[in-house]
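Asker: Starting from the given sequences, assemble the full structure and let the hints guide the process.
Chains as they are written, first to last, in this note's numbering: chain A, 1 to 356; chain U, 1001 to 1277; chain G, 2001 to 2293.
Each pair of labels, with its calculated beta carbon distance range: (1) A:323 x G:2033: 56 to 64 Å; (2) G:2103 x A:87: 37 to 45 Å; (3) A:167 x U:1260: 16 to 24 Å; (4) U:1130 x G:2039: 46 to 54 Å; (5) A:178 x G:2151: 54 to 62 Å; (6) A:336 x G:2290: 43 to 51 Å; (7) A:178 x G:2121: 24 to 32 Å; (8) U:1238 x A:167: 32 to 40 Å; (9) G:2125 x U:1260: 49 to 57 Å; (10) G:2047 x A:88: 45 to 53 Å; (11) U:1193 x A:285: 16 to 24 Å; (12) U:1235 x G:2120: 40 to 48 Å; (13) G:2136 x U:1123: 50 to 58 Å.
Below, a list of computed lysine to aspartate or glutamate pairs in the EDC-like style, where the Cα atoms sit at most 20 Å apart: (14) U:1258 x U:1238; (15) A:87 x A:47; (16) A:289 x U:1238; (17) U:1258 x A:265; (18) A:289 x U:1174; (19) U:1258 x A:248.
I should point out that these hints are in silico values taken from the structure, not numbers from a laboratory. Note that the Cβ used here is the ideal one computed from N, Cα and C, for glycine as well.
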Amino acid sequence: MSGGSRLNSLPDRGAPSEGQAVTVPAGGEPLLSVKNLTVLLPVETRERAVLRDVCLDISAGEAVGLVGESGSGKSMTARAIDRLLPKGAQVQGQIRFAGSDVTGLAGSQLRAYRNRVAMIFQDPRAHVNPVRRIGDFMTEALRTNLGVSGTDASRQAADMLSQVGIEDAQRRLHQYPHELSGGMLQRVMIAAALLTEPALLLADEPTTALDVTTQAEVMAILDELRGRYGLAMLFITHDLELAAAICDRTIVMYAGQVVEVRRSELLHSDPLHPYTAALAAARPDIGQKAARLRAIPGRPLSAFEAPATECAFAPRCRFAEDACREAVPPLIELDGGLSRCVRVTELRGQLEAAHA
Amino acid sequence: MPSDNIVLEVSGLRKEFGSLVAVDDVTFAIPSGGSLAIVGESGSGKTTIARMIVGLERATRGTITACGRDRSRPARSARDRRHRGREVQIVFQDPYTSLDPRQTAERAIDEILRLHHGFDADRRQARIEQLTDLVGLDSRQARALPRALSGGQRQRVAIARALAAEPQILILDESVAALDVSIQAQVLNLLADIRDETSVSYILISHDLAVVRQLTDEAIVMYRGQLVEQGPTAQVLDDPQHPYTQRLRASVPRPGWKPTRRPQESPRAEQKGGPHG
Amino acid sequence: MSTAIGMASRRVQARTRGGSLGLLRSTGIAGLVSAAVIAVATVLAVFGPLVAPYNPDLPSLGQAFIGPTGAHILGFDFEGRDVLSRLLAGAQSSMIGPLAVVAGAMALGTLIAVVTAWRQGPVDTVVSSGLDILFAFPGILLAVLAAAIFGAGLTAASVALAIAYMPYVARVLRGAALRERGQPYVAALEVQGASGTSICLRHIIPNMLPLIVAQATIMFGWAMVDLAAISFLGLGVQPPTPNWGVMISENEPGILQGYPLPALAAGLCIVGVVIAFNVLGERLFEQAQAASR
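Answerer: Have a look at this one:
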C-alpha cells in the first residue's frame, strides 16, 4: 500500500456528527492545546493536586517528548488528554483538540474523539483482554464505532500488522495475547491504535519494558508510521536521551508542572532549566566512566508534595536563591523555548557546563 | 584495586530447563575486588547465571567456585548454606518485593546478623548503625517499614541487608533498573563507595550499558544463553567485535540517533524470554 | 500504574496503621456490628451459665411450653425450663465446638499449605492428591461416621469436622503461601542461608496472617452450622447439656403444637452468630486481598 492517507480506500464513515471536531484547524493553531491544566484526585480522603497548571501544544505531525521522573505527572497528563482519569478527578483548565474543548465530551462524542486520539501504554498485557483473540481486539473499534464490516476490518488489521513488521498477519489475528512476546504485543498495540486513523498518538512509556534492541525496532516503526500517516505524537518517557533523539521538541515535567519546553537538539547543549541540566548530568555516560556521578540530592517530589509558594525544585537546586522561594515561578519564554526558572536569563549558557 | 586472587570462577556452566538451554557453556573469572558486568537482554541467560551462583538454581553441568570452595551442587547442610551466604550475596531488581513488608530495616538486618555472627545485642545494634550509615539511611528510615520508604531507600536497605553477611561477592541483579534517574545516580555512587571501603567484588547484571560503563571493569555479553563477547568494559563498549554486541551498542539512544528497522527476521527471532531472562 | 492513580483507584483502602482497632474500623459498620455480636456471644460462652436468670438444667414438666410471661420473656421449653436461661447457658457448648474445629483445621491446613508450598515438587503432588480424596467427604458425613465408630459426642464430631475442613483451608492458603514463597525477599533469605523452617515461621506465615484470620472467621460460621446440624441429629452434644442445635431438635414438637418460640429462638441465635461471623469474615477477607496488592 502506498504512503499517504488511506481515507480513499475506506468505506464512507458518514457525515461528522454534532460535536465531532472539524478536521484540520486553521493556520497556525496547534492540533492539541492544553492550557492551565490542573487535576485534583481524591487520595485517601483528601484532594491532592497531581497536575498543576500544565500547558503544552502539539502541532499536526509533530513529535513531542514528555520527560519526567516518578510523580512528575507525565502519565497523568496523557490520561487527562485521553479522558482516562479515575473517578472523582477534578479537572480545571482547557484541553482543546482541533479547535474544540474535549473536557466535557461524553458518550458517542467521546468515542469519536478517541478514534482521533489514540493511546498506547507501557504494559500491553495489562490493556488487552487475555481471553480474546488479537483480531477481535484490533477490529473492535472499527466494527463498533465506525461501522466497518467484519471482513474489511480484518483485512485492514492484517495490513496494519504487516506494516508494523509482523509477518504471517492472518495467523497472528487468530492468536491470543499470551502467545506473543512483549515486543510483538506492543507492535500489535501500535497497529491497533493506528487502525482508526488517529491524528494524535499518545504513547505512555511504550518501550520502557522492552529490551533495548526491541525498543530501537519499535521506535523505528513508530517513526516510519508517523511519517507515512502524518501522525502527531506525544511520547512519554523517563529517558531524556530517548525523547531528545526521536522527538522534535521535548517537555520536561517536575512535581506536576511543566518546567521546560525546548527543541530537542538544544536540550542537552543549551538547557533552560536547572532540573533538565541536572537530570542529564545525573545519567552515566556510555562513552566514559565518571569519577563520580553528579547525583541530585534529595528525591523527586510528587505534585501533591510540592509547595504552593516557591519553586518546587528549589530545595534540590544548586542555583537556588531567595527569589526562587518567593513564589511559584511562571513559565518564561526564551529563545523559542519555555522555562519555569526565574533565573533563566542569567543562567543561560552556564547550566550545561556547570554540570559537566 | 583488583588483585590477582580469583574470588569467583565459573567454568563450562550450563543450565537446561527441559529442552530449553538457558545457559550454554559459560566460563569467566573475577579477581578479588574486581567488578564484572553480565550484559544481555531478556532470554540471554544472565539472570539464570546469577541464580546458579547464589544457589537458587542448580547447574545442569559445569562448576562454580567461590572463595576457593566449590558450590556447583546445592548445599548439603544448613551450616553449609549459611557459610555460602557469607561468600556471595545478591540484591534484586524490584525494591517493592525484595523486603519483607512486615519488617523494619533494622529488624531485617538484625535477623541476618543473628544468622551469621554470634554478636551480642549491643554489638549487633552497633553494626546495624554502621551498615545503615554506610548505605545512607538515617535512623528514622532504619526504623520504618518498607511501605514508608521510597524505591531508592528500599534498595539501600536491601544493600545493607546483603552486606550484613559480609560477603566477598555481591551480585546486583538489575538493582538500579527500577529507580528514577536521579536516585539511580545516588545509588551508583553509593555502590562505588562501598566497593572502595569494603573491597567487595561486584557482579552487575544489567541491560543498561551506561550503568555498566560506570560501575564495572570487565564485561561479558550474553545472547540466548551463549557468551558472545568478553573483555574490559571500555573495550567491549567502544570497540565491540561480535555482531550482537555491535547491534546492542547501536540501539542505545543518543543525540542524533536514528533508529532503523532490521531486515525481516524469522518469527523465531523474537522469542519470548526464558524463565528468568 | 502511576503512583497517584494507583492510590486513588483502590476502592478498599488497606489500612495503613491502627493495629487491630484500625482493622476493625476499616471493615465498616457491618463489620463493627458483627464484631459486637461475636463479642457478646463469646462473653456468654464464658459466663453464660452464671448470668442465666434461672436454672437452665432443672426440668419442671408442669410448665412445659408455656409462652412468654413477665418474668420469663421467652417462655418455657419442652421440659419446663426457662428458654432464655437455656440460650445463655447453651452459648458455651455452641461456641466451643466450632472453636475446636477452626483451631484444628486452621493449624493443620496452614501447616500443610506452607510445607507443600515450600517444598513443591513430588511432596506437593502427593499431598495434594491426598487432600483431594479427603475433599470427597462432606463434613457431616464424616461426623456421622465418627459417631458410629466412637459414639455420639461433641469431641468426635469436632474432630471429624476439623479433618473435613482441613483440605479446604490447605487449598485456600496454598495459593497465598506459594505467592509469598515466590517473592524475592524469600529468595534473599534463602541466599543468606536461613533455614526453610525459620523462613516459613518468621516470614511466610506472618505475611499470610490477614488471610488466615479472615478464613478462620468465616470458617467459624460454617462449623457452627454444621455442628448445630450434627447436634440436631443427636450425634453431637448430648442432652441435657444446653446447646442451640439440640434445642431446635428437642423443642421441635412444640412447633407443631403451636409453641414455636423455643426452637425458633435457638435457631435465631445460631443464624445471628453465623451471619456475624460470615460478614466479619468477608470484610476481613477483602482487607486481606487489598493488603496483598
